[in-house]
Amino acid sequence: MKSIQQIGLILFLMAFALFNALMFMGKFEVTQGKLDKFTESKGIKSEVFIEQSKELIGEYSFSLDLSEKLLTIAEASHTHHRKVITEFESTGVDKELINAEWGKVIWLKETKKHGNFAAPLVAICGTGFVVENKGLLFSLTFLLGILGGLLHVLPRLKTEGPAGIKNDGIFQNQATNRGWIAWLVFGYLIAFYLALYFFPDVLTNMIYVLDPVSTSLNGGPASQWFLYGFMYCSFMVVMGIKMMIKYRHNKYQVIRSISVLFFQLGFAFLIPELLVRFQKPWFDFKSAWPLNYSAFDNWSIKKILGFDFFETWDFNALIHSDTLGLFMLVWGFILTLVIVPVMVYFYGKRWYCSWVCGCGGLAETVGDPYRQHSDKSLKAWKFERVIIYSVLLFAIIMTYGSLSREQFFLGLDYEAFITIETDDLRFWYGFAVGSIFSGVIGTGFYPIFGNRVWCRFGCPLAAYMGIIQRFKSRFRITTNGAQCISCGNCSTYCEQGIDVRAYAQKGENIVRSSCVGCGICSAVCPRGVLKLENGPEEGRITENPIDITMATEDEGKTSELRKIIIGEQKNLTDFNK
Amino acid sequence: MSKHIAIIGNGVAGITCARHIRKRDSDCKITVISAETEYFFSRTALMYVYMGHMKFEHTQPYENWFWEKNRIDLVFKYVVSIDTDNNDLKYDDGSQLAYDELVIATGAKSNMFGWKGQDLKGVGGLYSFQDLQNMEKYTQGIKRGVVVGGGLIGIEMAEMMLSRGIDVTFLVRERHFWEHILPENESNMIMAHMKEHHLDLRLSTELDEIIGDENGRAKAIKTNTGEIIECEWVGLTTGVSPNVAFLKDSNIEIERGVLVDENCTTNIANVHAIGDCAEFKVAPDGRRNIEQVWYTGKLMGETLAKTLTGSPTPYSPGHWFNSAKFFDIEYQTYGVVLPNLKEGEEDFSWDRAADNICIHIVFNKETRVFKGINTFGIRMRHDAFNQWLNEKVTVDFVMEHLKDANFDPEFYNQHEEEIVDQFNVEQGTSIAVKKKSWQRILNFIR
Numbered sequence: 002m003k004s005i006q007q008i009g010l011i012l013f014l015m016a017f018a019l020f021n022a023l024m025f026m027g028k029f030e031v032t033q034g035k036l037d038k039f040t041e042s043k044g045i046k047s048e049v050f051i052e053q054s055k056e057l058i059g060e061y062s063f064s065l066d067l068s069e070k071l072l073t074i075a076e077a078s079h080t081h082h083r084k085v086i087t088e089f090e091s092t093g094v095d096k097e098l099i100n101a102e103w104g105k106v107i108w109l110k111e112t113k114k115h116g117n118f119a120a121p122l123v124a125i126c127g128t129g130f131v132v133e134n135k136g137l138l139f140s141l142t143f144l145l146g147i148l149g150g151l152l153h154v155l156p157r158l159k160t161e162g163p164a165g166i167k168n169d170g171i172f173q174n175q176a177t178n179r180g181w182i183a184w185l186v187f188g189y190l191i192a193f194y195l196a197l198y199f200f201p202d203v204l205t206n207m208i209y210v211l212d213p214v215s216t217s218l219n220g221g222p223a224s225q226w227f228l229y230g231f232m233y234c235s236f237m238v239v240m241g242i243k244m245m246i247k248y249r250h251n252k253y254q255v256i257r258s259i260s261v262l263f264f265q266l267g268f269a270f271l272i273p274e275l276l277v278r279f280q281k282p283w284f285d286f287k288s289a290w291p292l293n294y295s296a297f298d299n300w301s302i303k304k305i306l307g308f309d310f311f312e313t314w315d316f317n318a319l320i321h322s323d324t325l326g327l328f329m330l331v332w333g334f335i336l337t338l339v340i341v342p343v344m345v346y347f348y349g350k351r352w353y354c355s356w357v358c359g360c361g362g363l364a365e366t367v368g369d370p371y372r373q374h375s376d377k378s379l380k381a382w383k384f385e386r387v388i389i390y391s392v393l394l395f396a397i398i399m400t401y402g403s404l405s406r407e408q409f410f411l412g413l414d415y416e417a418f419i420t421i422e423t424d425d426l427r428f429w430y431g432f433a434v435g436s437i438f439s440g441v442i443g444t445g446f447y448p449i450f451g452n453r454v455w456c457r458f459g460c461p462l463a464a465y466m467g468i469i470q471r472f473k474s475r476f477r478i479t480t481n482g483a484q485c486i487s488c489g490n491c492s493t494y495c496e497q498g499i500d501v502r503a504y505a506q507k508g509e510n511i512v513r514s515s516c517v518g519c520g521i522c523s524a525v526c527p528r529g530v531l532k533l534e535n536g537p538e539e540g541r542i543t544e545n546p547i548d549i550t551m552a553t554e555d556e557g558k559t560s561e562l563r564k565i566i567i568g569e570q571k572n573l574t575d576f577n578k
Numbered sequence: 106m107s108k109h110i111a112i113i114g115n116g117v118a119g120i121t122c123a124r125h126i127r128k129r130d131s132d133c134k135i136t137v138i139s140a141e142t143e144y145f146f147s148r149t150a151l152m153y154v155y156m157g158h159m160k161f162e163h164t165q166p167y168e169n170w171f172w173e174k175n176r177i178d179l180v181f182k183y184v185v186s187i188d189t190d191n192n193d194l195k196y197d198d199g200s201q202l203a204y205d206e207l208v209i210a211t212g213a214k215s216n217m218f219g220w221k222g223q224d225l226k227g228v229g230g231l232y233s234f235q236d237l238q239n240m241e242k243y244t245q246g247i248k249r250g251v252v253v254g255g256g257l258i259g260i261e262m263a264e265m266m267l268s269r270g271i272d273v274t275f276l277v278r279e280r281h282f283w284e285h286i287l288p289e290n291e292s293n294m295i296m297a298h299m300k301e302h303h304l305d306l307r308l309s310t311e312l313d314e315i316i317g318d319e320n321g322r323a324k325a326i327k328t329n330t331g332e333i334i335e336c337e338w339v340g341l342t343t344g345v346s347p348n349v350a351f352l353k354d355s356n357i358e359i360e361r362g363v364l365v366d367e368n369c370t371t372n373i374a375n376v377h378a379i380g381d382c383a384e385f386k387v388a389p390d391g392r393r394n395i396e397q398v399w400y401t402g403k404l405m406g407e408t409l410a411k412t413l414t415g416s417p418t419p420y421s422p423g424h425w426f427n428s429a430k431f432f433d434i435e436y437q438t439y440g441v442v443l444p445n446l447k448e449g450e451e452d453f454s455w456d457r458a459a460d461n462i463c464i465h466i467v468f469n470k471e472t473r474v475f476k477g478i479n480t481f482g483i484r485m486r487h488d489a490f491n492q493w494l495n496e497k498v499t500v501d502f503v504m505e506h507l508k509d510a511n512f513d514p515e516f517y518n519q520h521e522e523e524i525v526d527q528f529n530v531e532q533g534t535s536i537a538v539k540k541k542s543w544q545r546i547l548n549f550i551r
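If you read the sequences in order, they're chains A and B.
Per the numbering used here, residue 2 is the first one in the first sequence, and the count goes up by one each step.
Per the numbering used here, residue 106 is the first one in the second sequence, and the count goes up by one each step.
I should point out that these hints are in silico values taken from the structure, not numbers from a laboratory.
Possibly wrong hints are sitting among the right ones.
[Claimed, not checked] Derived SDA-like pairs (lysine to any residue); straight-line CA-CA distance at most 20 Å:
1. Lys134(B) x Trp170(B)
2. Lys174(B) x Val214(A)
3. Lys507(A) x Gln165(B)
4. Lys160(B) x Ile182(A)
5. Lys128(B) x Glu509(A)
6. Lys430(B) x Glu76(A)
7. Lys383(A) x Tyr401(A)
8. Lys539(B) x Gly536(A)
9. Lys252(A) x Tyr517(B)
10. Lys167(A) x Phe161(B)
11. Lys252(A) x Lys134(B)
12. Lys507(A) x Val398(B)
13. Lys43(A) x Lys105(A)
14. Lys380(A) x Gln165(B)
15. Lys541(B) x Glu538(A)
[Unchecked claim] Among the chain A residues that face chain B by a calculated CB cut under 10 Å, a handful are:
16. Ser215
17. Ser217
18. Asn219
19. Gly221
20. Lys252
21. Val255
22. Thr479
23. Asn481
24. Cys485
25. Asp500
26. Ala503
All values derive from a computational prediction rather than experimental measurement.
Ideal Cβ positions, reconstructed from N, Cα and C, are used throughout, including at glycine.
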């Protein structure tokens, strides 16, 4: 069994090595035809660029070499045209001439120039081994990697002994105790996410390899997001199976793991891709605003409706728009305004965060080995509250801006409404929150800071649901009388950094806005102290839960236990207030 | 000048006492002295540090700034003697500390029964932080350890070593594991589970001597049957005794532990004792004179804090309860279930031994009043059983409301119907188990 696991690990590492080696395989050949296609698709009018880009014709072995050269030329043409404009303006030539010159300027945004400008050219230039062997390479990277992962994971059913808590050696292992393996994974993840968001041209060969899969699903070639989605799903499936084996004695964990896999594979991956196949917009039905911060942005409304409803507030056009698009728009509102709060009321935010959400799903599967790294200090909790509600506020302002353009709000032309120009805000949100926080930090930091950095400190939807969970919900973690021995397993394994023990040892129920209801505190408790449950709001928050004299006077005996351990400790909470 | 309360020992009893004194009295000066560790930690969690589930810092329930903020002075020194005539105590560095009230909460020490070789290197118990360090030091890379003593610490120590791939031989003097606490049936289930974890269990076997090598390190043990078992670590887990040796020359009355009255006060009016080191002259109702479990230490600490802050309160722990975990099997007990039935008692057991699930209920044969329950692999609500014990309900009532007491995680298989069906067959009753009621559950804690 152990040797099967080792073979699995070796296969996985081989597949992983080949996957990364893809970057340096194959060739990129630039021809005049491809350049023409590129300049046409980009609508480039700069004759300087068109002329100089001829220098690009030739063969490149590394995608970035081509991109860099292309961008240098584009930037040079930009400088040239700006200079011409300045000259024109100082000499006072015809306005039309100046405008024509403005039309030739190629605009490159620093964070997007590789992804939006260079990657499309690189993508059509691939030639040689990789593009000729997509199927073979797909098998040797993705399929072999998944197979290796499964071979490594499945024997755990036997190798790890009887079902039970499997935390032996977590803090003695280089991978799970911030050792060299963890730092290596950390470095790789950061690099991968930076490439994905800011240098996707580097990943061109990896994307090629998925073309056959992409074509069979959505009818078109793969993109960097298809690559990301496919990898996301693959890792989640293998690590989800590992999670289910690890907690096979715990039905809550098993069902929850099946649920996150179902929603990731179905709702976040297959359905959107199939929608694209049928010429419908890519749409993730479970992604609620404000996690999906652009849900009500003009471009995303344009995408699903065909026109920007929030600019025109043209209800007539809305009624006559595509039924599915209309449904998507209405669904987006219902999900955010009705389903989310109602579900949080009945079940706590766990229904989303640890049962449905893709970020949560990754955290609960791939991130499970790192859950112990969340910071439990009071300082971290204070920091968390400031940051997460700031992000929520940021998202609200931004969305308000997109709904309130042109002095319109809800279709009312009313000057009292403050309108906000949100383009810059949106760019910075997308860059700082969408890419850096939720991606690079959110996942890249798993091995060092735990698997819920984004969910705890950044996610605006989690913040929104957290407020409901704290003040108006039936969900709580009930503490079992006085059985707690303050061992600290619950706090250690709380991925959200909640000091669960601080409540449990006082016999106080845990009602915290950040709790995602993963249920691991309850699972690792050796004394059966914690139970996640939904019940009446009354009696949910038990800061002073029990104040009873258990026995009657004539026995001359008072069960001080309940009174003392639980009932009268309410004042000693200064350390977490 | 405000009162100075000195507490020797920063375990759960001493620390709980300190915290609650501060809660009730913001003026007095509180000093907590320990030679074990600088900060309070949870003793019960030491095993998890060894097994790599946690780091030592995770066993500390309060962050380090907590003590200064609550003006609890921590002193990391060893107390060698107490002068009750002059109300001061002496540290091993020769310095002294004057007190107005003194609390002794020095815990316990592993029993050593004078075995030959018990002082060799590679021999130790598991109670203190130093015990853990000792075990850590001498079990690095070893092949086999022997654990002597069939109780809770013994099985914990066995689990610890097994988690690191060390083979373990477990010597149990009795005919079955934890014989003086567990009924045979339950013990058998635990023992079968030990085998699943490849524990080499030797029943009715005692330690005769520990054999050392030329470097003064344990290399084998000899059992009372004359068998020699080679090993590199010998764990002595045959119970613990109050840590009171340093009081022998003081005026404080000691027997096995520090003798105290119902207010946890010794023969000297301003000296008190709580936790594992305290011995009640008169045992509290239904309890023993010395009770060395986590919550009793906590409870004594809270009770004494009241007494020391102006409301004298007798120690009254209420109904017995406890819990433990044997490898993967969780155990809880509420009320009293003895290994053998007492006169006038009857019992009922239900088990699914294949899944390591079992419950065992004891009740009065005549009145049918519920006495206690052992549960394995099913979590139960403490509040439910506490109330039922208070109200002296019948076993039939417990059966009828069993679903209210279930505390298993959501989606777990529920066994109440099966349990009550079997109960009905055996007892000739026709009880229908009631659906879980939130209203009743909330009433438990009201």
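Quick rundown of the hints versus the structure:
1. Distance check on the hinted pair: Lys134(B) and Trp170(B) sit about 17 Å apart at the alpha-carbon level, within 20 Å; holds.
2. With a CA separation close to 61 Å, the supplied pair Lys174(B) and Val214(A) exceeds the 20 Å bound.
3. Annotation: proposed proximity of Lys507(A) to Gln165(B) holds, straight-line Cα distance about 15 Å (limit 20 Å).
4. Restraint check for Lys160(B) and Ile182(A): satisfied, since their Cα atoms lie roughly 19 Å apart, inside the 20 Å limit.
5. A hinted pair counts as satisfied when its Cα atoms are at most 20 Å apart, and Lys128(B) with Glu509(A) qualifies at roughly 17 Å.
6. Proposed proximity of Lys430(B) and Glu76(A) is contradicted: the alpha carbons are some 68 Å apart, above 20 Å.
7. For the proposed pair Lys383(A) and Tyr401(A), the alpha carbon gap of about 27 Å is over 20 Å, so the pair is violated.
8. Between Lys539(B) and Gly536(A), the direct Cα distance comes to roughly 18 Å. Compliance with the 20 Å bound is thereby established for this hinted pair.
9. For the hint pairing Lys252(A) with Tyr517(B), the CA-to-CA distance comes to about 6 Å; that is within 20 Å, so the pair holds.
10. The suggested pairing of Lys167(A) with Phe161(B) holds, with an alpha-carbon distance near 19 Å, which does not exceed 20 Å.
11. Proposed proximity of Lys252(A) and Lys134(B) is contradicted: the alpha carbons are some 51 Å apart, above 20 Å.
12. About 17 Å separates the Cα atoms of Lys507(A) and Val398(B), which keeps this hinted pair within 20 Å; it holds.
13. Taking the CA atoms of Lys43(A) and Lys105(A), the gap is about 12 Å. The hint holds against a cut of 20 Å.
14. For the proposed pair Lys380(A) and Gln165(B), the alpha carbon gap of about 16 Å is at most 20 Å, so the pair holds.
15. Between Lys541(B) and Glu538(A) the CA atoms are separated by roughly 17 Å; this keeps the pair inside 20 Å, and the hint holds.
16. Evaluation of the Ser215(A) hint against chain B yields a violated restraint, the C-beta minimum of about 37 Å exceeding 10 Å.
17. For Ser217(A), the suggested interface contact is broken, since its CB lies about 36 Å from the closest CB of chain B, more than 10 Å.
18. About 36 Å separates the beta-carbon of Asn219(A) from the nearest beta-carbon of chain B, more than 10 Å, and the hint is not met.
19. With its C-beta approaching chain B no nearer than about 41 Å, Gly221(A) sits outside the 10 Å limit, and its interface hint is violated.
20. Because the closest C-beta pair between Lys252(A) and chain B is about 4 Å apart, less than 10 Å, the hint holds.
21. A hinted interface residue such as Val255(A) counts as satisfied when its beta carbon comes closer than 10 Å to some beta carbon of chain B; here the least separation is about 8 Å, so the hint holds.
22. Restraint check, Thr479(A) versus chain B: the minimum CB separation of about 8 Å is within 10 Å; hint holds.
23. With its C-beta approaching chain B no nearer than about 5 Å, Asn481(A) sits inside the 10 Å limit, and its interface hint holds.
24. At a threshold of 10 Å, the smallest CB-CB gap from Cys485(A) to chain B is about 8 Å, leaving the interface hint in force.
25. With 10 Å as the threshold, the beta carbon of Asp500(A) comes within range of chain B, its nearest partner Cβ sitting at about 9 Å, so the hint holds.
26. Given the 10 Å rule on beta carbons, the hint for Ala503(A) holds: about 7 Å separates it from the nearest Cβ of chain B.
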